[in-house]
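**Q** So you can see what is in the structure, the chains are spelled out below.
Protein chains: 2
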Amino acid sequence: MWVDNATDMLKISSPTLIVDQQKATANLQKMQLRAFKAGAELRPHFKTHQSGVVGQWFLEAGITKITVSSVSMASYFAMHGFSDITIAFPFNILEMDELKSLMQKVKINLIVSSLSTLEKINQCIEKEVDVFLKIDVGTHRSGIEANEKKVIQDFFHQAKKLSNINMVGILAHAGHTYHAKGAVEIQSIADECSTKLNDLKTMFSERQLLISWGDTPSCSMAEMTAYFDEWRPGNFIFYDVMQYHIGSCKLQDIAVAVACPVVEVHPSRNQLVIYGGAVHFAKEFISADNGFKLFGYVVRFTEKGWSEPLPGAWLASLSQEHGIVQLTSEQIEDFRIGDVIGILPIHSCLTVSALRDMRDLNNHAIPCMKS
Amino acid sequence: MWVDNATDMLKISSPTLIVDQQKATANLQKMQLRAFKAGAELRPHFKTHQSGVVGQWFLEAGITKITVSSVSMASYFAMHGFSDITIAFPFNILEMDELKSLMQKVKINLIVSSLSTLEKINQCIEKEVDVFLKIDVGTHRSGIEANEKKVIQDFFHQAKKLSNINMVGILAHAGHTYHAKGAVEIQSIADECSTKLNDLKTMFSERQLLISWGDTPSCSMAEMTAYFDEWRPGNFIFYDVMQYHIGSCKLQDIAVAVACPVVEVHPSRNQLVIYGGAVHFAKEFISADNGFKLFGYVVRFTEKGWSEPLPGAWLASLSQEHGIVQLTSEQIEDFRIGDVIGILPIHSCLTVSALRDMRDLNNHAIPCMKS
Chain C
1 MWVDNATDML
11 KISSPTLIVD
21 QQKATANLQK
31 MQLRAFKAGA
41 ELRPHFKTHQ
51 SGVVGQWFLE
61 AGITKITVSS
71 VSMASYFAMH
81 GFSDITIAFP
91 FNILEMDELK
101 SLMQKVKINL
111 IVSSLSTLEK
121 INQCIEKEVD
131 VFLKIDVGTH
141 RSGIEANEKK
151 VIQDFFHQAK
161 KLSNINMVGI
171 LAHAGHTYHA
181 KGAVEIQSIA
191 DECSTKLNDL
201 KTMFSERQLL
211 ISWGDTPSCS
221 MAEMTAYFDE
231 WRPGNFIFYD
241 VMQYHIGSCK
251 LQDIAVAVAC
261 PVVEVHPSRN
271 QLVIYGGAVH
281 FAKEFISADN
291 GFKLFGYVVR
301 FTEKGWSEPL
311 PGAWLASLSQ
321 EHGIVQLTSE
331 QIEDFRIGDV
341 IGILPIHSCL
351 TVSALRDMRD
361 LNNHAIPCMK
371 S
Chain U
372 MWVDNATDML
382 KISSPTLIVD
392 QQKATANLQK
402 MQLRAFKAGA
412 ELRPHFKTHQ
422 SGVVGQWFLE
432 AGITKITVSS
442 VSMASYFAMH
452 GFSDITIAFP
462 FNILEMDELK
472 SLMQKVKINL
482 IVSSLSTLEK
492 INQCIEKEVD
502 VFLKIDVGTH
512 RSGIEANEKK
522 VIQDFFHQAK
532 KLSNINMVGI
542 LAHAGHTYHA
552 KGAVEIQSIA
562 DECSTKLNDL
572 KTMFSERQLL
582 ISWGDTPSCS
592 MAEMTAYFDE
602 WRPGNFIFYD
612 VMQYHIGSCK
622 LQDIAVAVAC
632 PVVEVHPSRN
642 QLVIYGGAVH
652 FAKEFISADN
662 GFKLFGYVVR
672 FTEKGWSEPL
682 PGAWLASLSQ
692 EHGIVQLTSE
702 QIEDFRIGDV
712 IGILPIHSCL
722 TVSALRDMRD
732 LNNHAIPCMK
742 S
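In order, the protein sequences belong to chains C and U.
Under the working numbering, the very last position in the first sequence is 371; numbers go up by exactly one each time.
Under the working numbering, the very last position in the second sequence is 742; numbers go up by exactly one each time.
Honestly, the hints are just simulated from the structure, not real lab data.
Each hint should be verified, as a subset may be incorrect.
[Stated by the list, open to error] Mimicking DSS-like on lysine-lysine, the simulated pairs with C-alpha atoms at most 30 Å apart in a straight line are:
1) C:Lys149 / C:Lys127
2) U:Lys476 / C:Lys11
3) C:Lys100 / U:Lys741
4) U:Lys664 / C:Lys293
5) C:Lys11 / U:Lys521
6) C:Lys370 / U:Lys476
7) C:Lys65 / C:Lys161
8) C:Lys370 / U:Lys471
Whenever a hint applies, use it, and build me the whole structure from the sequences.
**A** Have a look at this one:
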C-alpha cells in the first residue's frame with residue numbers, strides 16, 4: 001500500500017524530483033550490457049541528469065568518458081571527475097575562451113559541421129583537439145546530410161590542412177526515433193542510419209573514422225551489433241513516459257517521479273489541483289489516444305518508492321505553478337489536501353532542467369548543475 | 372540597421388534573456404494608468420520576472436503591494452522591499468512553517484477555497500491573516516464555482532468562526548482569456564466575470580468584500596471601469612508573442628528577447644541552427660495559421676535594442692539545446708555562424724523561469740530568484 005502522507009517519508013513540501021537510484025543504476029547496467037554485446041563503447045549523455053551525484057553512479061560503474069550538450073555542462077562535469085568529454089552540440093565559436101580553458105583540464109571532443117567553424121577553432125586553440133563531423137541522418141536538425149558525399153569529402157580534405165584539428169569520426173543523432181513507435185520502426189531507422197554511416201566510414205576508410213551514435217530509443221530496443229563504435233544515449237538513466245510510449249522501457253524502469261502536494265480536491269469533476277506546474281515539469285505532453293493531452297502519469301509513494309501508475313488517471317493540464325490531475329470517481333475518494341502524490345514526467349531531461357531540485361528515496365539531496 | 376555582430380554590444384556567448392527596461396517601464400506606466408482610470412488598485416503579479424531588480428522598477432513607480440505564485444517567491448520579494456504580498460495560489464498546507472516565518476516579516480494575504488485548509492491555517496498561525504476566497508469564474512482550474520452560492524455562503528459562515536482568519540475578499544483569475552482572441556472576446560469574458568463576482572459581492576455586502584481580478588489580456592484590453600477593486604496582471608511587464616497574438620500588446624511592447632548564438636547556417640533549407648532550446652525557452656508554442664508550430668519571432672539586435680520581427684521568419688522547432696530558425700532565401704544571406712540573433716519568446720513567464728540568466732541592454736545582469 002502507499003504511504004498515506006508521503007511527507008512522513010520524504011519531508012516534501014514543494015515540487016521535488018524523486019530519483020530511485022536502484023532503478024537508475026539497473027537502467028545503467030542494462031545499457032552497459034547492451035552496448036557491450038553490440039560491440040560499442042558507451043559514452044552516456046549527461047544532459048538528462050546534469051548532476052555530479054548521478055555522475056558518481058556512472059563512475060562507480062566504470063564510466064569515465066561522457067557526452068554533454070553545452071560547454072558549461074562540460075565544465076561542470078570536468079569538476080566532477082570526468083576526464084574525457086564530448087560536447088555533442090555544433091561548436092559555438094563564441095565560447096572559444098571557455099573551450100581553451102577546459103582543454104587545459106580535460107580531454108574535450110568537439111562536433112562540427114562547418115568548415116568556417118573548424119578553421120576558427122584551429123586558429124584559436126593551442127593544441128590538437130579531436131573532432132567529429134556531425135552527419136545529418138534524416139532528422140534535419142544539424143549536420144551535413146549523409147548523402148552529400150562531395151561536401152563531406154571536401155570537409156575532410158580541408159580539415160587535413162588544419163594542424164590543430166584531428167578528425168576522429170562521424171557522429172549522428174537520429175532524433176526522428178523520438179517520433180517513431182515500437183521496436184520495428186526504431187529498428188528500421190537504426191538499420192538505415194547504420195548503412196548510411198558505415199558507407200561513409202568505408203568511403204573514408206584510410207582515416208579510420210569512429211562512428212558515434214546516440215539516442216535512447218534505438219540503444220534501448222534495436223539490434224545493433226557491430227553497427228557503431230560508440231553509443232551516446234542519455235535519457236535511459238531515468239527514462240520517462242515518452243520513452244515508455246515509444247517502447248524504450250517498461251513503466252517500472254522509470255526512475256524519477258515528481259513529488260507534488262495536493263492543494264485542492266474537486267470531487268464534482270474528479271480532479272485534483274496540485275502544486276506542480278509548467279515551471280516544474282516543463283510543458284512537454286503526449287497527445288493521448290483519447291484525444292486529451294497527457295502531461296504525466298499519477299503514482300502514489302510507498303515505503304520503498306512508488307506504485308504503478310493509477311489506471312485511468314493522468315496529469316491533464318499545467319499552468320505556471322498549478323497542475324490538474326484527472327482521476328476516476330473511485331480514485332478521488334483516496335486523496336486529501338496535503339497529500340503528496342507522484343507524477344511520472346513526460347520528458348525527464350526537461351523536467352530535471354526545469355525543476356533542479358532532486359532527492360533520492362532516502363531524502364538526500366541530489367544537487368545538479370544549476371541547483 | 373542591426374549590429375552585425377551583437378556580441379560587440381552584448382558580450383553574449385550563450386542564450387541570455389535581454390530586457391529592454393524602457394519598454395518594460397512604459398508597459399508598467401500604461402498599466403498603472405489603466406488601473407487608475409478603472410478605479411482599481413494595481414497589485415502586479417511578479418511570477419513573470421521573479422527578479423528583485425525588476426521589482427525595483429515597480430518600487431520606483433510607487434508599487435509596494437504585489438502578487439506572487441508561491442511561498443518561496445513571497446520570501447524572495449519580502450527580502451526585496453515588498454511589505455504586502457498576496458500568494459495567489461491555493462494555499463499549500465505543507466508550507467505552514469514557511470508561512471508563519473513570513474508572516475513575522477511582512478503582511479501576507481492568502482487565497483483558499485477549501486474549509487479544511489482554512490481551518491488548518493487558523494489552527495497553526497498565531498495572528499490574524501487576510502484571506503481571499505478563490506472563485507472559479509469559468510477556467511475550472513481552482514476555486515469554488517461562482518454559481519455555487521450555497522457553498523460560498525457556507526464557507527463565509529464557517530470562516531467567521533475562525534479567530535485567526537479575516538476574509539477580505541473574493542479573487543478570480545480568468546485563465547480562459549488566454550485562449551480567447553481580440554478585444555471583443557476578452558471584453559465579453561470580463562463583462563461576464565464582473566457580473567458573477569459583483570453578484571457575490573452584493574450577496575455578501577455586509578462583509579464589504581474586495582474583488583481581486585487578474586490576467587494580462589483583460590487588464591490590457593478590456594473596458595473595466597468600476598468592475599473590480601484590485602488588478603493582478605503579471606505578464607504585461609514584458610509581454611510576449613502569445614500576448615501579441617491575443618491582442619494584449621503591440622509587437623513593439625514586447626520587452627524581452629532571448630539572445631542566441633548562431634551555430635550553423637543551412638542555405639539549402641533556409642534554416643539556422645541556434646544555441647537556444649527547450650531548456651532556455653520552455654516549450655510553449657502557438658499553432659500558426661500556416662499549420663506550423665511557432666516557437667518565437669526572430670529579431671536582430673540594434674544599437675539601442677532590437678528590430679521589428681523579420682517578416683516570414685520564425686523559430687520553428689526546439690530540442691533540448693538546439694533551436695531551428697526558418698528564414699526566407701533572401702534573409703539567410705545576412706546570417707553568419709557566430710552572429711547573435713534575438714528571439715521574441717512565446718511565453719515570457721516560462722522563458723524567464725527556464726533561462727534565469729537576464730541582462731539589460733547595457734549588459735548589466737538582472738538577477739532573478741533562482742539565478
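**Q** All hints are to be evaluated individually against the structure, with a verdict given for each.
**A** Results for each hint:
Restraint check for Lys149 (chain C) and Lys127 (chain C): the C-alpha separation of about 29 Å stays at or below 30 Å, so the hint holds. About 25 Å separates the Cα atoms of Lys476 (chain U) and Lys11 (chain C), which keeps this hinted pair within 30 Å; it holds. Straight-line distance between C-alpha atoms of Lys100 (chain C) and Lys741 (chain U) comes to about 29 Å, which keeps the hinted pair within the 30 Å bound. At most 30 Å may separate the alpha-carbon atoms for a hinted pair to count; Lys664 (chain U) and Lys293 (chain C) meet this at roughly 17 Å.
Our distance criterion of 30 Å between C-alpha atoms is broken by Lys11 (chain C) and Lys521 (chain U), whose separation comes to about 37 Å. Taking the CA atoms of Lys370 (chain C) and Lys476 (chain U), the gap is about 29 Å. The hint holds against a cut of 30 Å. At roughly 28 Å between alpha-carbon atoms, Lys65 (chain C) and Lys161 (chain C) fall within 30 Å of each other, so this suggested pair holds. With a C-alpha separation of about 29 Å, the suggested pair Lys370 (chain C) and Lys471 (chain U) falls inside the 30 Å cut-off, and the hint holds.
The structure fails to meet hint 5 from the earlier list, while all remaining hints are met.
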